[in-house]
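> The primary structure of each chain is shown beneath.
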Amino acid sequence: MSKSAIDQQALDHDDVVEKAAAWRDTGKSVAIATVISTWGSSPRPTGSQLAVDEDGNMVGSVSGGCIEGAVVHEARQVMLDGKPRLLDFGVTDEMAWEVGLACGGKVEVWVERVE
Amino acid sequence: MRPDTLKSLLAARKAKHPVALVSNLQTGDQALVYRDAVEGDLGLDEVIVTAARAALRDDKSGRADDNGTALFVQVFNPPKRMVIVGAVHIAQPLVTLAQTSGYEVVIVDPRGAFATRDRFPGVTLSEDWPDSALEELKIDNRTAVVTLTHDPKLDDPALHVALRSEAFYVGSLGSRKTHGRRVERLADEGYTEAEIGKIHAPVGLAINAKSPAEIAISIMAQITQVLRTE
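As they're listed, the protein sequences go chains C and Y. Note that my numbering has the first sequence beginning at 1, numbered continuously upward. Note that my numbering has the second sequence beginning at 1, numbered continuously upward.
With the rest of the complex left out, here is chain Y:
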C-alpha cells in the first residue's frame, strides 16, 4: 500500500466516511472508491466502481474480476451505532458490551441527573427529547435503537421515530404487560401492525437474565442475532 493511499484511507476512517479499497492482487496497485469520488493509481472500470459502491452499501468485502484481472474490494464502513434511550443502570454494562462489539454509542436522556459524564465516560450524550434527538441522529440501517426508560413519555417519542426509520434493530425494555400497553398506545397513534411488530419486547434473548449486566448481555446477544441473521 502506497503512503498516499494509506494516508487517505486513515483520513476517511477518521472522518467516518465510507470508503472501499480496491486492490489488484497481482501488482498491488490500489484505488479508493468513495461515494462520490475515486482516487489512486489503479485505473478502474465504471463497472468496478459501481460494484465497489454496492459493496459499501451491503457492507460486504469480496473478490471482483476486471476482464480477467483479479481484484479485491475491501469495505471500510464507519462503526455501527447503538442509540440507547435512558441512561439507566442497564445502560452502563450495555455501553461496554456495545463498544467491545464495535459499536459507537449515543445515549439519549433528557433527565440531566442520569446522563452524566461520570457514569458514561467516552460516550456521546444527548439531553434532547428522544424524538428530536433521534431525528437529528438520522437513524440508518446500521443503527440499533434500544429504549430502557420504560417510561412512556420518554420511550414512546423515541419509538415514533425509530419505527419509521431504517434501524436494523429496535428493542424496548418492559414486561409483557408494559409492552401490551405500549402496543395499544402506538396503535391508537396510528402505527401499523408491521411497524409495531419491529419492536423486540420484552427486550433481549430469553436467558433468564436478572442483573443489569445479564440483561445487557441478553440485549447485545439479540442485536447480534438480528444483525447476523440474513
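The shape of chain C in the complex, shown without the other chains:
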C-alpha cells in the first residue's frame, strides 16, 4: 500500500499513560487514577483514567468533573507514601457537602503511584 510516513498523533485526551510518563521523566511525582467499577448512571465507564502530577496538573477524567478534586487530593497522599488506594464515591449528599456524583451513580476509583 502506498502510504505517507506521517503517523497520526493520538489525541492528548486519550494519552493518559503517555502524559503520566512524560511528567515522570521530568522528575515530578505522578499518580494514575482508574475507574474500576461503576453502578447506575456514572459519567465515565470502567477503565477511564486520570493522571495527575504533584502540581495538580491533570489529563483524562474519572467522572464529569464531580470527583476529580477529591481524587487529586487522595493522589497527593499516594504520591507521598506510594500505597495504592481504593476510593468509593456515591451519590452527593447536598446537606453534608460531601463530594459525590450529582447524577446518582457510584464509582470505585483506584489510585496508584507511577514509580
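Certain hints may be false.
As the list claims (entries may be wrong) - In silico DSS-like cross-links for lysine-lysine, where the CA-CA straight-line distance does not exceed 25 Å:
{"no.": "1", "chain 1": "Y", "residue 1": "K138", "chain 2": "Y", "residue 2": "K153"}
{"no.": "2", "chain 1": "Y", "residue 1": "K7", "chain 2": "Y", "residue 2": "K80"}
{"no.": "3", "chain 1": "Y", "residue 1": "K210", "chain 2": "Y", "residue 2": "K16"}
{"no.": "4", "chain 1": "C", "residue 1": "K83", "chain 2": "Y", "residue 2": "K7"}
{"no.": "5", "chain 1": "Y", "residue 1": "K210", "chain 2": "Y", "residue 2": "K177"}
{"no.": "6", "chain 1": "Y", "residue 1": "K177", "chain 2": "Y", "residue 2": "K153"}
{"no.": "7", "chain 1": "C", "residue 1": "K83", "chain 2": "C", "residue 2": "K106"}
{"no.": "8", "chain 1": "Y", "residue 1": "K138", "chain 2": "Y", "residue 2": "K198"}
{"no.": "9", "chain 1": "Y", "residue 1": "K60", "chain 2": "C", "residue 2": "K106"}
{"no.": "10", "chain 1": "Y", "residue 1": "K177", "chain 2": "Y", "residue 2": "K14"}
{"no.": "11", "chain 1": "Y", "residue 1": "K7", "chain 2": "C", "residue 2": "K28"}
{"no.": "12", "chain 1": "C", "residue 1": "K28", "chain 2": "Y", "residue 2": "K14"}
To be verified - Some chain Y residues close to chain C (C-beta under 10 Å, calculated; not the full set):
{"no.": "13", "residue": "L9"}
{"no.": "14", "residue": "K14"}
{"no.": "15", "residue": "Q30"}
Unchecked claim - Heads up, incomplete: computed chain C residues facing chain Y, CB under 7 Å, no partners named:
{"no.": "16", "residue": "S37"}
{"no.": "17", "residue": "L86"}
{"no.": "18", "residue": "L87"}
{"no.": "19", "residue": "E112"}
FYI, nobody ran anything at the bench for these hints, they're computed from the structure. Being a predicted model, the structure only gives us computed values, none of them experimental. Quick reminder that beta carbons are idealized off the backbone N, C-alpha and C, glycines included.
Based on these hints, arrange chain Y on the given structure of chain C.
Here is chain Y on its own, set in the frame of chain C:
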C-alpha cells in the same frame, strides 16, 4: 506502576499491540498480558490470563477475583479504525470527527488528484484500488468502512470486501435510488440479502444534513450508535 511495566506498556501502545494490565488492588503489583506472553511482578493464574485475553477481545476492562484477591484488568487496545473510500469533500470533516473520536483513519482513493497530503494531513492515504486496499488492511471487528465516492466502480469493490469482513459498520453514500441500483448489482454478483443488509444507506443518521460537515456529523453519529448499541 513500576518503571519497567510503564516502559513495556508504552512500547506496546506505540507498536499498536493489544495488552491488558492486571493490577493487584491491595499491593499494586502488576502484570502485562499480551496475546502470546505475560510479563511483570504479579504472578497470574492461568484462569486470570485467559480472562485478561477475553477482556482484550471484548474490549472491556473490569474487576477480577483470584481466590479472594481483588484484581483489575485494564484493557489497552489499539485505536479503532475508520476506512474511508473516496477522498471527497465530506471526507475532510469526517476525518476530523473520526480522529477526535479516537479513530485512526485510512483514506482509499486511486484517483491521485483527490487523496493529497494537503487535503488530508496526518492521515494514511492509499491509492490502491479499493478491493486490494481493503484486503491489505485486514478489516476486523474494530473497523468501520465508509464509501463516499458514489461511483460503482470504486465503491462496489470496497463493498465486496467489507460485506464479507468483520467490520462493525459499513455505510455507503448515495440516494435511495443510487442505493437501490447498488443492491441490485450486489445481488446479481451473488451477495446474500444478509450481507447486503449490512450496508447503512443512505449513510448517516437522519438529521436533515446538507453541508459536507453536517453529513460527516450524521455519519459519525451513526457509527457511534452502531458501536455503542449492544
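> So which hints don't hold here, by number, going up?
Of the numbered hints, 3, 10, 18 do not hold.
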